[in-house]
Amino acid sequence: MTIDNSTESIHTVEGGGKKRGAAAWISSVFENKYIGLVALAIALLMPFLIATPYAINIMTTAAIFVVLAAGLNIVVGYCGLLDLGYIAFLAVGAYTAGIIAKAFELPVLFTLPAVVIMCILAGLIIGAPTLRLRSDYLAIVTLGFGEITRITANNLTITGGPSGIYNIPGFLSIGGIDFQNPIIFYYLTVLIVAGLVLAAARLGKSRLGRAWKFVKEDEDAAEAMGIHTYKVKLLAYIFGAVWGGFGGMLFASHLTAISPMSFVFLQSALVLMAVVLGGMGNMKGVVLGALAISLLPELLRDFAAYRYLLFGLLLVVVMVFRPQGLWPPRGAEAERTKAQREAAAFANGLKK
Amino acid sequence: MAQFISDIPQVFWDGLFVGSFYALIALGYSMVYGIIKLLNFAHGDIYMVGAFIGYTILTAIGGTFHMLGLFALIIVMMISMLITGVIGVVVEKLAYQPLRGAPRLAVLITAVGASFALEYGVAAIASPNPRGFPVRLDGDFVLVLGARVTIPQIILMLIAGALMIALDTYIRRTSTGRAMRAISLDMKGSLLMGVKVNAVISRTFFIGSALAGAAGVMAGAYYGKIDFLMGFIIGLKAFTAAVIGGIGNIRGAMLGGLVLGLVESFGSELVGGQWRDAFAFAVLILFLTLRPTGILGERVTERV
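Protein chains in written order, with the working numbering: chain A, 842 to 1193; chain B, 3 to 306.
To be clear, the hints were calculated from the coordinates, so they are not data collected in a lab. It is possible that some hints are incorrect.
[What the hints assert, rightly or not] Not the full set, but computed from the structure, chain B residues with beta-carbon under 10 Å of chain A:
{"hint": "1", "residue": "L41"}
{"hint": "2", "residue": "A116"}
{"hint": "3", "residue": "A119"}
{"hint": "4", "residue": "A125"}
{"hint": "5", "residue": "P130"}
{"hint": "6", "residue": "G134"}
{"hint": "7", "residue": "P136"}
{"hint": "8", "residue": "R138"}
{"hint": "9", "residue": "V144"}
{"hint": "10", "residue": "M195"}
{"hint": "11", "residue": "Y225"}
{"hint": "12", "residue": "D229"}
{"hint": "13", "residue": "L231"}
{"hint": "14", "residue": "V245"}
{"hint": "15", "residue": "L272"}
Where is the CB? At the ideal position from N, CA and C, for every residue including glycine.
Take the sequences, apply the hints, and build the full model.
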């Protein structure tokens, strides 16, 4: 098999040289370490190109969606835990921010400590009993928790029941400057989001991040090598929850009104789709995936009825033909194709 | 409290009735999970598709239904079962079979995608608004120990029971049933022993999906309203039922469905109907953490 491959590559070197050069150029652009800064610069310059309230609104929503995808990437992409109820953390963050800001007439930003604490608690409550479970049970339990969160928000009086919470105070105002102005809020959001994405990416390269990847690849081996897998998984969950909480705080402030309808399973599935499509584990890919998932529907307004059908089919197609996502983390590709090859061999055996 | 005690027979019967729906759907989850260790998220949506197929046929034949009555409904149910069975097999061939042996995470994500595609495919074809089912089964009731039991309820439960007994016999007595049990024990081993693994898996999907389709038509005729997201919650609950009974265990799934129906019925009587769904999921989480093997399940260890 390997011999075949190498002779083939010798033959194609001359013919395919040009194409390979182009591919190498593209990948060198994508692997460039300044690409994150370029993306940030584009995000900061966008309001100078289009500053209609509609465009600013959509771009702010997209930026919030990027935080969610970055947070879910910690759980699914780094640690390999399928969380189908991720939107619950957005709900916890948004409701905490909304309730406290409204009760104490505080700018939403000042609720940050409470939001972080509540999200850590939520992550512990959901994670502690479930993370000992088998991987596929975990998926359905998180789905159940997501639903319970929504039903609870729908039935309690403190969360405003089905009509939710409205008239949430502005994000921040110092002196006479109101930071709730859409463009200022957009810039604040982009800066917060950029910081969180960077932090998540750095986290992935830390000692803890390497432990997560080890747990994802082979949990038993990780345990044998002295990694406390339960603790490591719980930490992934909590980090994911905090990122979701930040997203919720921005979400509540952006919309100034929240209701249980914003936190349905569809939203969890969309965030998952962004992570899977972009490339689980690669923060740059995930950011791109999040932007694609949140901005494409705006461009494809005419196909609104088929949008989610298309998303569903896309999930299946990506998993069957390119399980590593469109832009996988470096180094994962070779391993994945090997796993795929084994899977194919097994499937071939079944066909005989 | 006296009110509650006098309500017990009614609550018990309602729970048993809803539980028999859960059991029918739980069977499909449990069979598929037992054989290829796949959590088929699209299963609840097959139930929804079944309801929509029943709706389409009944609307097409229109007024003639009332002359034919219940008999016609059973024929429609059988046609729906056939079609949903085929849809189940197609989903398996397109989405799951190419990923046989792939990492668990990939297969789970594919299943979520398949579920999504079915839900929004139906929404795109049949419009996302809820539809009224053309046939309502509401008839006279008889009082049994103070519980109001309607004739259609009894008939639907009898149909559900007959389907379950048929399935149980099929799995215990026929050679295909033996092949299913063999694959669930050791897939590679069965392959080497000459079992046509892929054919048997397809048949499993066919049967499971057909049962879900039957439940869909029955639920449509009983509740009178269908929409494209109706399979989501009930799929989750059927999974809960399968886990309660011991996933992979056919009789466990039936038992789990009835137990969940009862627990939910009594639970919502005690803490209020708006908590009904939350209650069911809380039971799921409790079971998974305290007794993940279920009531009748055997010890399962995660294979590496």
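Query raised in the report: Okay, which hints does this one fail, numbers in order?
Result: Failing hints, ascending: 6, 7, 8, 9, 10, 11, 12, 15.
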